[in-house]
Amino acid sequence: MIASKTQAAKPKVGFYGFTGCAGDLLAILHCEDELLDIFNAVDVRSFLMASSEVHDDEELDVAFVEGSITTDHQLESLADIRKRSKVLVALGSCACFGGPQTARLGYGDWKERFKKVYGNTKHTVAKPFESRPLDEHVKVDYYIPGCPIDRYQFFFALTRLAQGMSVELTTFPVCAECKWNENECLLLKAQLCLGPVTAGGCDSRCPSHNLPCIGCWGPAAEANVASEIDLLKERNFSAEEIVSKLRLFGGAAMVRRFADLLGIKAEVPARRPRPKKVREPVVAGKAKKKSPSKRPAAKSRAKKR
Amino acid sequence: MSLNRIKIESLARVEGHGGITVDFKEGKLSNVTVDIHEGPRLLETIAQGRTPSEVVSLTCRICAICTLSHRYAALRAMEKALEIEVPPKVRLMRDLMHCGEMIESHALHVFLLALPDYLGYPSAVHMAPEYLEDVQAGLRVKRFGVRLMELTAARSIHGENPVIGGFGRYPSKSELLRFKYEAESLIPDAERGVEILRNLRQPTYMEEGMTFMCTKPEHDRYGWVADRILVSNGQEFNAWDYRKLTNERVVPHSMAKRSRFQDKPYFVGALARFNLLGERLDGVAGEHFRRCYNLSWIRNPMYNNVAQAIETVWALEEAPRIIDKLLTHEEDPAIVAPSRDKGAGSAAVEAPRGTLYHHYEIAEGRVVHTDIITPTAQFLDMMESHIRVAAKNLTDEGDTDNIELKLEMIARAYDPCISCATHLVKVRGL
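Listed in order, the protein sequences are those of chains A and B.
Here the numbering used here is used: the first residue of the first sequence is 29, the next is one more, and so on.
Here the numbering used here is used: the first residue of the second sequence is 451, the next is one more, and so on.
Be a bit skeptical, because a hint or two may be false.
[Claimed, not checked] Below are the DSBU-like pairs computed for lysine-lysine, each with C-alpha atoms no more than 35 Å apart in a straight line: (1) B:Lys694 with B:Lys842; (2) B:Lys539 with A:Lys155; (3) A:Lys139 with B:Lys530; (4) B:Lys775 with B:Lys623; (5) B:Lys630 with A:Lys207; (6) A:Lys144 with B:Lys623; (7) B:Lys856 with B:Lys475; (8) A:Lys155 with B:Lys714; (9) B:Lys714 with A:Lys217; (10) A:Lys155 with B:Lys478; (11) A:Lys155 with A:Lys144; (12) B:Lys694 with A:Lys217; (13) A:Lys144 with B:Lys530; (14) A:Lys111 with B:Lys792; (15) B:Lys539 with B:Lys775.
[Said to hold, decoys possible] A few chain B residues that don't get close to chain A, going by computed Cβ distances all over 12 Å: (16) Leu558; (17) Arg597; (18) Glu600; (19) Ala603; (20) Ile637; (21) Gly659; (22) Arg699; (23) Asp732; (24) Asp774; (25) Arg790; (26) Glu811; (27) Asn843.
Calculated directly from the structure, the hints in this document are not laboratory data.
A virtual CB, placed ideally from N, CA and C, is assigned to each residue, including glycine.
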């Protein structure tokens, strides 16, 4: 009995993956030294990639969700996860911003592209549609960006959330980390580096290897966007080149923030309103249990968008 | 953007969500399908019109666990298209990073994903109390693979250090030496996986003859990168003729395309490599291979687990040999620039779970055509076939206890990109 009580005291956590490369969940499996500790510190109720023991009908304290949403089945299951979870965390660039599969969002050519890949075959498994990040479908409480995520940011978030605390991740861009690492600036060498506008937390991995930042962590909260555009234009990069690079990983989120500066307003996709029933989850008889204190008060950095 | 051609015949990607449906009618097996529910990403169409280096960063994101194999295949295909000849040190570094991925992916699959089935646990974490030393040995080997990828590629997942024409940065001599000694010290840990699997009885209810395929290195040693493809019927093909081998098609129950060779399903992966090139294995791995190999290996996909365990040992023996060669190259070569801005190139590499093809066509410095055929897409038909045989044999014999697990184990032995591998089977109407 005591054992089951201890078990009940541990926060219930679920790990879920939708459309993406599964790299963020894999990054968690890559924490070899801490893996057994993670599974001991929290009560993992679902982690399909690691365990066939899955309980997918229970309420969760925290759900970590990787990937973007591209089929009707995924949308249903995301809504279900949201309904069952006190806190929902978007894990990785695809979940936070849509990832590379949203690189052409807003161009309106998805149906045509789908046909080019799959022909006219009618799929029976699910109804597919163009990829969108999680927060265009349900409320997201926290965003852990990355392609893939950084294990230390994940540990930090997991530790805080397991104790019912809020999570504040880095708000500075890669550029700041690059300075701390004393790297030579690649923009000064006329390379198209997205370090100044991309979310930090990767330890400026690419510039530290003499390679320009490709923007895979999505937009930084505290970025001097205008200055970056000026710098790049001064170095004779065309708006088309800049947009192409920004869109590849930042997807819709990146372009929305850069639209005015680049004069590409027409291409910016509208934010799709979330379905009402999903946004305000009501679990019969359980809704009143939800006290505001259980949901961390502090807003994540991405809320500031 | 003016495009003169988009001809895309390959899948978005497979890792993630799939299912198996076995249908019975009046107690008789009527249909078996491996359904892939993974959402479509259309990455080939995202690649359209982008620069080759953007596309290399994009296509490695198809799959997190095969990321470096994708990157290696993409770099080789792009370099063929752009007529880039890379110096020997670059090739050695790429082979070293490839070892890292094999070690990491195989250790994850053998110790964390496959073994729990044999020993009757839902996961390696559940297995840990009873088999702590084995789980820890597996984690040590896996962690070394992860760190070797970090060393060579800058990150274990989607590392950007390998670029067209070379590397952004090279590891130092002392780092390389440290990794060399660590690899050697981990061989006993990897052998533990071989020993456990060797002493387990492999189920036989799915056995059926298979066609195998893998890349055939030009040199006479074992290896994972080549321009020639060897088929178990004795035929050989050039990698750029890959369409003759894979013959992709779309099926309604799968977001992944399917492949067949001469209208027959085929197997790619460690088991195919060992059946076709196993005699080339040297060192401790070679000894293990000769001790474990038997004629069931040509009919039983479960031996893929054993083959992967032995291949992990080989990769740990190979990495120090590559490092020794790397240490003879003092100078870090500069990144080689392309000599032209158009062309076409195809390349094949062995990903941990089988042969992977990348093909690109480039015009005016932009990618105009992308074709990628992943190993999982190639072996899905073979997997479906083995599951059908197993379902039939098991139900004919009335042995239907735990049939879901038995069928799942077959799927897992193929090591489809990992998230597919864990929870697959749905049996209806039984």
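Status of each hint after checking the structure:
The straight-line distance between the Cα atoms of Lys694 of chain B and Lys842 of chain B is roughly 32 Å, inside the 35 Å bound, and the hint therefore holds. For the hint linking Lys539 of chain B to Lys155 of chain A, the alpha-carbon distance of about 48 Å lies beyond 35 Å, and the restraint is violated. Taking the CA atoms of Lys139 of chain A and Lys530 of chain B, the gap is about 32 Å. The hint holds against a cut of 35 Å. A distance of roughly 12 Å separates the Cα atoms of Lys775 of chain B and Lys623 of chain B; the hinted pair therefore holds under the 35 Å criterion.
For the hint pairing Lys630 of chain B with Lys207 of chain A, the CA-to-CA distance comes to about 32 Å; that is within 35 Å, so the pair holds. Proposed proximity of Lys144 of chain A and Lys623 of chain B is contradicted: the alpha carbons are some 48 Å apart, above 35 Å. Simply put, Lys856 of chain B and Lys475 of chain B have alpha-carbon atoms about 21 Å apart, close enough for the 35 Å limit, and the pair holds. Proposed proximity of Lys155 of chain A and Lys714 of chain B is supported: the alpha carbons are some 30 Å apart, at most 35 Å.
Distance hint between Lys714 of chain B and Lys217 of chain A is unfulfilled; the C-alpha atoms sit about 54 Å from each other, more than 35 Å. For the hint linking Lys155 of chain A to Lys478 of chain B, the alpha-carbon distance of about 30 Å falls within 35 Å, and the restraint holds. A hinted pair counts as satisfied when its Cα atoms are at most 35 Å apart, and Lys155 of chain A with Lys144 of chain A qualifies at roughly 17 Å. Straight-line distance between C-alpha atoms of Lys694 of chain B and Lys217 of chain A comes to about 46 Å, which puts the hinted pair past the 35 Å bound.
For a cut-off of 35 Å, the pair hint linking Lys144 of chain A to Lys530 of chain B stands: about 26 Å separates their Cα positions. Only pairs whose Cα atoms come within 35 Å are accepted, and Lys111 of chain A paired with Lys792 of chain B is rejected, the gap being roughly 52 Å. Taking the CA atoms of Lys539 of chain B and Lys775 of chain B, the gap is near 9 Å; set against the 35 Å cutoff, the hint holds. Not every CB of chain A is more than 12 Å from the CB of Leu558 of chain B (nearest about 7 Å), against its label as outside the interface.
Here Arg597 of chain B does not stay apart from chain A, with its beta-carbon only about 10 Å from theirs, under the 12 Å limit. Distance to chain A contradicts Glu600 of chain B as a non-interface residue, since its nearest Cβ pair spans about 10 Å, not more than 12 Å. For Ala603 of chain B, the shortest C-beta to C-beta distance to chain A comes to about 9 Å, within the 12 Å cut-off, and the non-interface label is violated. A cut-off of 12 Å between C-beta atoms confirms that Ile637 of chain B is not in contact with chain A; the least separation is 18 Å.
Every CB of chain A lies more than 12 Å from the CB of Gly659 of chain B, the least distance being 30 Å, so the non-interface label holds. Look at Arg699 of chain B: its CB is around 9 Å from the nearest CB on chain A, not clear of 12 Å, so calling it non-interface is violated. In this structure Asp732 of chain B is separated from chain A by more than 12 Å, as the shortest Cβ-Cβ distance comes to about 29 Å. Distance to chain A confirms Asp774 of chain B as a non-interface residue, since its nearest Cβ pair spans about 24 Å, more than 12 Å.
Consistency note on Arg790 of chain B: stated as away from chain A, and its beta-carbon is indeed over 12 Å from all of that chain's, at 20 Å minimum. Taking the minimum C-beta to C-beta distance to chain A, about 15 Å, the non-interface status of Glu811 of chain B holds against the 12 Å cut. No Cβ of chain A approaches the Cβ of Asn843 of chain B within 12 Å, the least distance being about 23 Å, so the stated non-interface status holds.
In terms of the numbered hints stated before, the structure departs from hints 2, 6, 9, 12, 14, 16, 17, 18, 19, 22, listed from lowest to highest.
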